[in-house]
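Asker: The residues making up each chain are set out below.
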Amino acid sequence: MEIVISNSNGVPIYEQIKEQIKNKIISGELKEQELLPSIRVLAKDLRCSVITTKNAYEELEKDGYIKSIPSKGFYVAKINKDLAREEQLNKIQDLLDSAIVIAKTNKISKSTVVEMLNILYSEDK
Amino acid sequence: MENILEVKNLNKKYDNFELKNITFNLPKGMIMGFIGENGAGKTTTIKAILDIIKGYSGEVKIFGLDSKKDERTIKEEIGVVLDDTFYPEILTPKDVNNSMKYIYKNWDEKMFNDYLKEFSLNPKQQIKSFSKGMRKKLEIATALSHHPKLLILDEPTSGLDPVARSEVIDIFQDFIQDEECSILLSSHITTDLERIADYITFINDGEIALSKTCDELLEKYGIVKCREKEFKKIAKEDYIKYKKDKYEYEVLIENKKDFKKKYDVDIVDKITLDDLMVLMIKGVK
Amino acid sequence: MLGFMMKDLAVIKSNFKLLAILIIVYAVMGLTGEMDISFILPFMSVVVMISSFSYDEFNKWDSYAATFPGGRKDSVRAKYLTTILMLLIISIITTSLSFIIAYNKTKTFDYEYIFSTTLGTVFGTILVLSFMYPIIYKLGIEKARIAIFVTIFGIAILGGLLINYIDLATLLNGLAFLENYWIFVIIVLGIVFLYGSYRLSLSFQMRKEL
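Protein chains in written order, with my numbering: chain A, 1 to 125; chain B, 1001 to 1285; chain C, 2001 to 2210.
Looking at chain A on its own, in the form it has when it is part of the complex:
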């Protein structure tokens, strides 16, 4: 499992850990029932504090992505694929919204934006 932590991008470390594990679960890289590294092992491997990894796991658990089994550890939970997909769609919608705001305030036509989207979508693979 790869997790990359940046010290300088302004995002709290626990949130970086949380987001990256979440993405791996949604993408299927981490499978249901898979055992995650313990809070302490992960802290050591990422060279961060125990409380940081604990926070990340607790938030993931709260959001239903992982579940803890006492004295065994944290496992990837059975996630609701639709719910996860919806969350991702919401994110895309938010970003597109801000793009549209910029387009509208600068009087850039819809067709130009769509064209741009088409080009970017096929290019960036």
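Quick caveat, the hints were computed from the structure, so don't treat them as lab data. Cβ coordinates follow ideal geometry from the N, Cα and C atoms, glycine included. Be a bit skeptical, because a hint or two may be false.
A partial selection of chain A residues facing chain B, derived with a Cβ cut-off under 7 Å [what the hints assert, rightly or not]: (1) Ser6; (2) Cys48; (3) Ile51.
Only pairs whose alpha carbons sit at most 27 Å apart, straight line, appear in this in silico BS3-like list of lysine-lysine [to be verified]: (4) B:Lys1233 x B:Lys1261; (5) C:Lys2143 x B:Lys1128; (6) B:Lys1244 x B:Lys1262; (7) B:Lys1128 x C:Lys2060; (8) B:Lys1260 x A:Lys91.
Dock chains B and C against chain A, hints included.
Answerer: Positioned in the frame of chain A, the structure of chains B and C alone reads:
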């Protein structure tokens, strides 16, 4: 969460310096960074915890036991590194081993020798021929080799180059893989602490200025940079301290989110432990 | 406590070269000339023990030892036991040397003379060390050096002055009844001094800021 170390109302008076009501707790399985400028009282506090200095008042509990009454039991399970304090330097690591195996019941000769190998320290070489970094490594190896439950380390990374520091930090993180074990570690190299410390305790002029989880500190606290006009609008209770520079005001605040809601300022920066120390020491209220 | 003694002995061993040279020099002097070698004992003991305190202080050993279980007390106790052990070893060395030198000169062994000289010097050394240690534990070796020097000097002057007023012959006559028991008296006194000195050092060390 159970505390491995509890310090309560520690007071100690010197002619020109005073420890005032030092109080903090270190939970099991955690690393606490103990920061403060030189002369702020870090070493004195550590020495009082270990009952090395005398004539202090207050209570120290380690493993739930009284530090004076149960001294022998407690010290069997503490590993210590003190600045500039060790075996006489004409001795060799081998002499240290020969002595230590009769001092600690749990002294682990094999573990000690493994550390010597890992750190490339020659067991038959006199300590005085070691570099400062090698000495520190030897002191750390010695502190770890009787399987202590609590490590008390005064400036354990001073004199170490970045590579050695990272080796040593790995060892500290290995140490707390056992949830029963904790580390109290004083350092002025705050970047080491920012990542691995669970708690930060900051001592300023003999008093504890704050003791909090490191994450809370780095996430919530912030620095507002603004002009005089904006600074004047900030209520006194909404900042901790400020510092006036030539071009701007730097204001230390306790909660970035709340502050942004209340005031309209452009720059609210994340804080580093260094910023925090400088503003707490040099800043005014 | 054995661990603390191991450390003290290791320090002495690291200084062994110095000791060996001293012993050889005095052995040669004893064998060739008229030199009485019995005074090496106190001289060497003081040199060895003072240097052991100096090495300790240079690396603040006492502070470090106080972090060990029972370290404060055991480090003092170990110092005294190491001293006794060292006195024993050095007495054996000097006694055997005395025998060799004596045999070399006269082809006979004067057991009584040699043993009583050794015992006398051991007693003298114990007196000196018993007096030094508490001062060292109280003041630290650097200040203690001066304090010891000043006190010995003071006692010498005081003694010199007193001797004019005391009738030495009467005093010795008064003590004459001890003649048959002097070995016993010396041993008991030695133990009493050493133990008193230990208690004093310990009480200083237990209250000291390290």
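Asker: So, against the hints stated earlier in the document, which numbers end up violated here?
Answerer: Hint 1 contradicted; others consistent.
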